[in-house]
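Colleague: With the sequences and hints as input, model every part of the structure.
According to mature numbering (1 follows the signal peptide of the UniProt record, and there is no 0), the sequence shown holds residues -24 to -1, 1 to 200 in order.
Everything labelled a hint here was simulated from the structure, so no lab data went into it.
All residues carry an ideal CB built from backbone N, CA and C; glycine is no exception.
Take the hints with a grain of salt, since some may be wrong.
Estimated spans, in silico, between C-beta atoms of each pair [what the hints assert, rightly or not]:
1. G83 to E57: 17 to 23 Å
2. I127 to E149: 18 to 24 Å
3. A136 to A75: 43 to 49 Å
4. P108 to E176: 29 to 35 Å
5. A136 to W73: 43 to 49 Å
6. G128 to P151: 32 to 38 Å
7. E82 to E124: 33 to 39 Å
8. D129 to P108: 37 to 43 Å
9. K98 to H184: 19 to 25 Å
10. D105 to G128: 34 to 40 Å
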Amino acid sequence: MGHMTLKRLIPVAALLMLAACGQGAESEDAGGQPDGAASGADDAQSGESTAPADGIVYQGALTVLQGVERDAAELCGVVAESYPPQCGGLPVTGWDWDAVDHEEAEGVRWGSYIVTGTFDGKSLVLTEDPVPTEEVDMADYPELQYSEPEIGDPAEELSAEELQAIADELVEEFPVYVNGGWADEQNGVALVDTLLVTPELEAYAAEHFPEDTVAFAAMLKPVG
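Modeller: In structure tokens, the structure reads:
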């Protein structure tokens, strides 16, 4: 489990370093070689466009909705069964309602799509065009179906109340990403349903709770 965490955190750390060092590296290039400034600028530009490729690409079949007062479309983990539906979640960067079939009522726009993108710390940045789920056979996407989370060997034996408290705390601390959770007494873990397991969420669980006492089931799954 520790190895997985490390692999996931490295791309984010690398991106942060790129962002922090970009300007310094560029000016060094400019001083060191005549055409350095141009190549430095190219590096910076290509760094922006290729940065997501260094990170993890996520994919999931989800409802995307934009409410009347929202300035961005959002991925929904849980949707209220009203009409029009209501939900709030992770903003989507690069979303274009004009480019996809969707429903609209009372100023609310929504639909169900297979979305693919990277996580920039605040939003899902689309790397591929979304595909309406009604246009595909979901049996062709078995990896996007709900799957039981991997359950390790909990470092401590916790009561059902303690496990539920862990799940509740994660819902409270990460309301955008965590949909809910419950105590799995049989395996001694808190099963937590999430939109996305962010590095921050993993780090919080590792820091605050005994090892392997939280098992995440994510709707957006790493695909590359």
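Colleague: All hints are to be evaluated individually against the structure, with a verdict given for each.
Modeller: How the hints compare with the structure:
1. G83 to E57: 17 to 23 Å: holds, 19 Å
2. I127 to E149: 18 to 24 Å: Given range 18 to 24 Å: holds, Cβ gap about 22 Å.
3. A136 to A75: 43 to 49 Å: holds, 47 Å
4. P108 to E176: 29 to 35 Å: At roughly 31 Å between Cβ atoms, E176 and P108 fall inside 29 to 35 Å, so the hint holds.
5. A136 to W73: 43 to 49 Å: holds, 44 Å
6. G128 to P151: 32 to 38 Å: Cβ of G128 to Cβ of P151: about 26 Å, so the range 32 to 38 Å is violated.
7. E82 to E124: 33 to 39 Å: holds, 38 Å
8. D129 to P108: 37 to 43 Å: The hinted range 37 to 43 Å holds for D129 and P108, with Cβ atoms some 41 Å apart.
9. K98 to H184: 19 to 25 Å: holds, 22 Å
10. D105 to G128: 34 to 40 Å: holds, 37 Å
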